[in-house]
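Full structure from sequences and hints, please.
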Amino acid sequence: MSRRKYFVLALVVAFGSAGNVLMSRGMKDVGQITIAHWTEAIAALANPWVTIATVLLIGFMITYLTALSWADLTYVLPATSVSYILVALLGQFILGEHITALRWLGIALVTSGVGFVARGRSHTPQIERMEEAEKRSRD
Amino acid sequence: MDRQDIYTWCLIGAVVLSSTAGDVLSAQAMQKIGDFGKLRERVGIGGVVVSVMRSTRFLLAVVFMAVSFFTLMMALSWAEVSLVVPATAALTFLTNAVAAKLVLHEKVDRRRWIAAVFVSVGVALISQ
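Just so you know, the sequences run in chain order L and W.
Residue numbering for the first sequence follows our numbering, starting at 34 and increasing by one per position.
Residue numbering for the second sequence follows our numbering, starting at -13 and increasing by one per position.
The hints are simulated quantities; they were obtained by calculation from the structure and are not laboratory data.
The structure presented is a predicted model; accordingly, all values stated were derived computationally and were not measured.
Honestly, I wouldn't trust all of these hints.
As the list claims (entries may be wrong) - Straight-line distance between alpha carbons at most 25 Å, and here's what the computed SDA-like set of lysine to any residue pairs gives:
hint, chain 1, residue 1, chain 2, residue 2
1, W, 24, L, 160
2, W, 87, L, 160
3, W, 87, W, 14
4, L, 61, W, -9
Unchecked claim - Some but not every residue of chain L turned toward chain W, in silico, with C-beta under 10 Å:
hint, residue
5, 36
6, 37
7, 53
8, 59
9, 75
10, 116
11, 120
12, 138
13, 141
14, 169
15, 171
What the hints assert, rightly or not - Ranges of calculated distance between the beta carbons of each label pair, as one might list FRET restraints:
hint, chain 1, residue 1, chain 2, residue 2, range
16, L, 64, W, 27, 29 to 35 Å
17, L, 88, W, 32, 18 to 24 Å
18, W, 103, L, 69, 35 to 41 Å
19, W, -12, L, 81, 39 to 45 Å
20, L, 141, W, -5, 20 to 26 Å
21, L, 126, W, 27, 18 to 24 Å
Glycine included, each C-beta is placed from N, C-alpha and C at the ideal position.
Have a look at this one:
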């Protein structure tokens, strides 16, 4: 994979984590939303934190789609799971949320999953997809 | 489990299902369109945007992503970000691994399954 592609994956992580943390910050102002009052979720977009978060999450979407144009879904998702650590750290240091030892262990396990896929290949060629599909239709 | 927990986990379930549908549909659409870098060399950035916007699969994916976006916002209003985000993302990762194999016909090798198991154990711990 080229350096440009790793850069795109890094952007997916950055936009995704920052967007989620800011969204959480905004929702703290907005308060709890129930299914019965789901329209409050739309009204919440007026909150400045939620607005910035939405812009960042759009950035996340664009870089994420770009990554999916040249890599497998089962590669892109774990490869970008570094963001769990970022979100936890940002949640603790910026929002003052408490992360227990067990949560840290969970976060470490999730992230070690990245190591497994990162060393494999990033894309299933079309010809192999067709073989996979054929194999399944025979079973 | 009190009412708040039940609400949180129902919302997390809704986020997982809708975002899996969104991910699989958008991955399908992007695979069909092909490498953005190569496509941009041929038709420019505008051409890339047009081919994405004209994909029915992608538009359907957007609907599911919108549902997952609003359910995620609701979940964040009920529980902490360090629970909601890892839990939804990691569970989605599991459902996506299954969907990628069955629907997208990706080769989900042992490496990727091991990653899936690590992630699911991680989620169980994070949600303690």
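Structure-based check of each hint:
1. Between the alpha carbons of residue 24 of chain W and residue 160 of chain L the distance comes to roughly 19 Å, so the proposed pair stays at or under 25 Å and holds.
2. Taken as a hint, the residue 87 of chain W and residue 160 of chain L pair is honoured in the structure, with Cα atoms around 15 Å apart against an allowance of 25 Å.
3. For the hint pairing residue 87 of chain W with residue 14 of chain W, the CA-to-CA distance comes to about 12 Å; that is within 25 Å, so the pair holds.
4. Taking the CA atoms of residue 61 of chain L and residue -9 of chain W, the gap is about 17 Å. The hint holds against a cut of 25 Å.
5. The restraint placing residue 36 of chain L at the interface with chain W is violated, with a minimum CB-CB distance near 12 Å, outside the 10 Å limit.
6. Interface hint at residue 37 of chain L: satisfied, since its Cβ lies 7 Å from the closest Cβ of chain W, which is below the 10 Å cut-off.
7. At a threshold of 10 Å, the smallest CB-CB gap from residue 53 of chain L to chain W is about 5 Å, leaving the interface hint in force.
8. The criterion of a C-beta within 10 Å of any C-beta in chain W is met by residue 59 of chain L, whose closest approach is roughly 9 Å, and the hint holds.
9. Residue-level restraint check for residue 75 of chain L holds (minimum Cβ-Cβ distance to chain W is 8 Å; threshold 10 Å).
10. Of the supplied interface hints, the one on residue 116 of chain L holds, with its beta-carbon coming within about 8 Å of a beta-carbon of chain W, less than 10 Å.
11. Here the hint on residue 120 of chain L is kept, as its CB sits about 5 Å from the closest CB of chain W, short of 10 Å.
12. Nearest Cβ of chain W to the Cβ of residue 138 of chain L: about 5 Å, under the 10 Å cut. The hint holds.
13. Taking 10 Å as the C-beta cut-off, the interface hint given for residue 141 of chain L holds, the closest approach to chain W being about 8 Å.
14. For residue 169 of chain L, the shortest C-beta to C-beta distance to chain W is roughly 8 Å, which falls under 10 Å, so the interface hint holds.
15. Proximity of residue 171 of chain L to chain W is violated relative to the hint, the smallest CB-CB distance being about 13 Å (cut-off 10 Å).
16. Between residue 64 of chain L and residue 27 of chain W the CB atoms are about 49 Å apart, so this pair departs from the stated range of 29 to 35 Å.
17. Range check, residue 88 of chain L to residue 32 of chain W: about 21 Å between beta-carbon atoms, so the 18 to 24 Å window is met.
18. A beta carbon spacing of about 38 Å between residue 103 of chain W and residue 69 of chain L agrees with the range 35 to 41 Å that was offered as a hint.
19. The supplied range of 39 to 45 Å is broken by residue -12 of chain W and residue 81 of chain L, whose beta-carbon atoms lie about 32 Å from each other.
20. Between residue 141 of chain L and residue -5 of chain W the Cβ separation comes to about 23 Å, which falls inside the hinted range of 20 to 26 Å.
21. Look at residue 126 of chain L against residue 27 of chain W: about 42 Å separates their beta carbons, and that is not inside 18 to 24 Å.
The structure fails to meet hints 5, 15, 16, 19 and 21 from the earlier list, while all remaining hints are met.
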